[in-house]
Amino acid sequence: MDMIRVENLDKTFTLHLRGGIALPVLRNTGFSVDAGECVTLHGPSGAGKSTLLRSIYGNYRPQAGRILICHDGEMVDIVHAQPRVVLEIRKRTLGYVTQFLRVIPRVPTLDIVAEPLLARGAGLQASRARAAELLTRLQIAEKMWDLPPATFSGGEQQRINIARGFCADYPILLLDEPTASLDEANRKIVINLIDDARQRGTAIVAIVHDADTRAAITTRLLPLPSHGVAA
Amino acid sequence: MTNLDQTPLLSVEALNKSFGRQMACRDVSFELWPGEVLGIVGESGSGKSTLLNAIAGRLAVDSGKVLYRTGSNDIIDLASASEAQRRHLMRTEWGFVQQHARDGLRMTFSAGANIGERLMALGDKHYGTLRDTALDWLQAVEIAPERIDDLPRTFSGGMQQRLQIARNLVTRPRIVLMDEPTGGLDVSVQARLLDLIRRLVQEHNVACIVVTHDLGVARLLAHRLMVMRRGQVVEAGLTDQLLDDPQHAYTQLLVSSVLSV
Chain A
5 MDMIRVENLD KTFTLHLRGG IALPVLRNTG FSVDAGECVT LHGPSGAGKS
55 TLLRSIYGNY RPQAGRILIC HDGEMVDIVH AQPRVVLEIR KRTLGYVTQF
105 LRVIPRVPTL DIVAEPLLAR GAGLQASRAR AAELLTRLQI AEKMWDLPPA
155 TFSGGEQQRI NIARGFCADY PILLLDEPTA SLDEANRKIV INLIDDARQR
205 GTAIVAIVHD ADTRAAITTR LLPLPSHGVA A
Chain B
5 MTNLDQTPLL SVEALNKSFG RQMACRDVSF ELWPGEVLGI VGESGSGKST
55 LLNAIAGRLA VDSGKVLYRT GSNDIIDLAS ASEAQRRHLM RTEWGFVQQH
105 ARDGLRMTFS AGANIGERLM ALGDKHYGTL RDTALDWLQA VEIAPERIDD
155 LPRTFSGGMQ QRLQIARNLV TRPRIVLMDE PTGGLDVSVQ ARLLDLIRRL
205 VQEHNVACIV VTHDLGVARL LAHRLMVMRR GQVVEAGLTD QLLDDPQHAY
255 TQLLVSSVLS V
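As they're listed, the protein sequences go chains A and B. Add 4 to the 1-based position in the first sequence for the numbering used here, that's all there is to it. Add 4 to the 1-based position in the second sequence for the numbering used here, that's all there is to it.
It should be emphasised that the hints constitute simulated quantities derived from the structure, not laboratory data. Fair warning: this is a prediction, and the values are worked out from it, not measured in the lab. One or more of the hints may lead you astray.
[Claimed, not checked] With the C-beta cut set under 8 Å, the calculated list includes, among others, these residues of chain A facing chain B:
| no. | residue |
| --- | --- |
| 1 | I108 |
| 2 | V111 |
| 3 | P112 |
In this text, a Cβ means the ideal position worked out from N, Cα and C, and glycines have one as well.
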């Protein structure tokens, strides 16, 4: 079953402060992702991998085309959905893990990780228990759970971000360089986490530069030439 | 979209307001849904605060509608409602948090009386319950309970702002309007206040309209943003869409003018 279907997507950035320069990034891009697949976007820097991922998340707004997301068994076009519908899709269907953790002042690590599950109404106890399980698996020492992660190292923040992204068991996961600043041992843990999710049926779209990690998680490689994928 | 509300809480239609020949709000329309936090951003003089005051009925509008769905499911046009009706709503289902706490607090009343006032106006006369409620709310906004009998002027700016929030939330309003709620506070105090607002808004599922010129505040609090310039809405959308992929020249200018959001 298709979980994501991208159709004829065009994305151009117009820089009004630079005399209106237009930078076309995606042109007529199209592909789909099935449940239980891990599709890895592949192409040179500037090919539009992150732009495509952000567009699927509803973060970037394409000029043309559709991005259908399977939400509650219905295909919803996230490009044209109302803002509150996009938020609802993100709450229950679509997870997104970037390299960088957006820290909320004063909120402790455990609650940052538990938040997506809590937002879905899972209850404080259950959400924190799941968060604790993931933090343990990702080797974040328990003494750090009560602290806000602002001062943690890059690798620790990234693992917290991964824990947060995996906490709610989203049917679709978008991963932008999830292992970029991790050591070998932690990279293996994350690879296993991704693989477990995929085998449970999660549809995954990933950007991974490291060739070994890419080989370990990918079920299908999607090449993006400098002007996106021709449909 | 099974569990989404079908009717908005507030529906502003083609609102216009001018001061002489100066258009402060030009043809502004938007909807606000239950539990949604809408940020209004733009530089000083863009019409943000005028819009907020017009929505609250503190300013007479030239034309347009402000349709509010009450707790009993009636639709009232606040732009043409009677003063008595409007005042009742402002004391019960609506809240207004001012930029300067001293404009929103009674500076000659104790902290406890500031929190109790709206409840008393609704007919709650029992001293013991009023005091217990005040104590609960002081705790909720992180003010020590022993300060209950102190006057707000003995509080720091951040504490005053938190007290103002408690004073507004005590009647469990369905909409709270906030005008630069963190303006004029130290950065460390701002962070604490933002975290508090974020948590309370979530816990009580209250819809908010927050006017701010600080895109960092907007990023942290708002689900959705409207960018205003010269009284007009030039761009609207999800907060992260507007800040990460601004389309309008003015939004691009705003976003590129901050160090990091």
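Tell me, which hint numbers fail for this structure? Of the numbered hints given earlier, the structure breaks just one, which is hint 3.
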